[in-house]
Amino acid sequence: MTDENQADHQAENQRAVQAAVDVELRLLDPEVRASPALVLDLLDPEFTEVGASGRRWDATSILTVTSGGSVSPESPVEVSEMSGTVLAPGIVHLTYLADNQGRRAWRSSLWRLTETGWRLYYHQGTPAAAGEGRALPFGPGRL
1 MTDENQADHQ
11 AENQRAVQAA
21 VDVELRLLDP
31 EVRASPALVL
41 DLLDPEFTEV
51 GASGRRWDAT
61 SILTVTSGGS
71 VSPESPVEVS
81 EMSGTVLAPG
91 IVHLTYLADN
101 QGRRAWRSSL
111 WRLTETGWRL
121 YYHQGTPAAA
131 GEGRALPFGP
141 GRL
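In this text, residue positions in the sequence shown follow full-length UniProt numbering: the first is 1, and each later residue adds one.
Hints were generated in silico from the structure; no laboratory data involved.
It should be emphasised that the depicted structure is a prediction, and the values quoted were computed from it without experimental measurement.
Even for Gly, the Cβ is constructed at its ideal location relative to N, Cα and C.
Treat the hints with care, as some may be off.
If you anchor each label on the Cβ, the simulated ranges turn out as follows [what the hints assert, rightly or not]:
1) 83 / 56: 24 to 30 Å
2) 30 / 9: 19 to 25 Å
3) 6 / 54: 23 to 29 Å
4) 35 / 15: 25 to 31 Å
5) 2 / 30: 45 to 51 Å
6) 13 / 38: 44 to 50 Å
7) 51 / 2: 23 to 29 Å
8) 6 / 113: 18 to 24 Å
9) 2 / 91: 40 to 46 Å
10) 53 / 6: 22 to 28 Å
11) 102 / 41: 27 to 33 Å
12) 101 / 129: 28 to 34 Å
13) 12 / 129: 18 to 24 Å
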């Protein structure tokens, strides 16, 4: 691979990771989570989640959590230590620490690029050990 091709490849990967970060943060937005239609727009038809509770969810069942007020504008999910990598063309893996009203968990998401945009294919949460990581509210310059 030439230096120019490598630079193009790296730039393409950076754009893919940033796109996945953008939709991940959108999915954490309380206004989006309150709308089942907006949530479903971001989930892959084959979506699966293993929550920090150990419960397994699909696209339909996760709506009971997202639209049930688990995140409010007064206390949004705080995100820190976000990182991402392209695993294959059109597949991005994100990891981060999330704090949802004192419940802290390491999060892992696989985003898949489809004809209609980036869709969350798989998500897993694992409770964070006490004192591990430091969550900060997400926003410009926080990632």
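Hint check results:
no. : hint                  : verdict
1   : 83 / 56: 24 to 30 Å   : holds (25 Å)
2   : 30 / 9: 19 to 25 Å    : violated (36 Å)
3   : 6 / 54: 23 to 29 Å    : violated (42 Å)
4   : 35 / 15: 25 to 31 Å   : holds (27 Å)
5   : 2 / 30: 45 to 51 Å    : holds (46 Å)
6   : 13 / 38: 44 to 50 Å   : violated (27 Å)
7   : 51 / 2: 23 to 29 Å    : violated (45 Å)
8   : 6 / 113: 18 to 24 Å   : holds (21 Å)
9   : 2 / 91: 40 to 46 Å    : violated (25 Å)
10  : 53 / 6: 22 to 28 Å    : violated (43 Å)
11  : 102 / 41: 27 to 33 Å  : holds (29 Å)
12  : 101 / 129: 28 to 34 Å : violated (18 Å)
13  : 12 / 129: 18 to 24 Å  : violated (36 Å)
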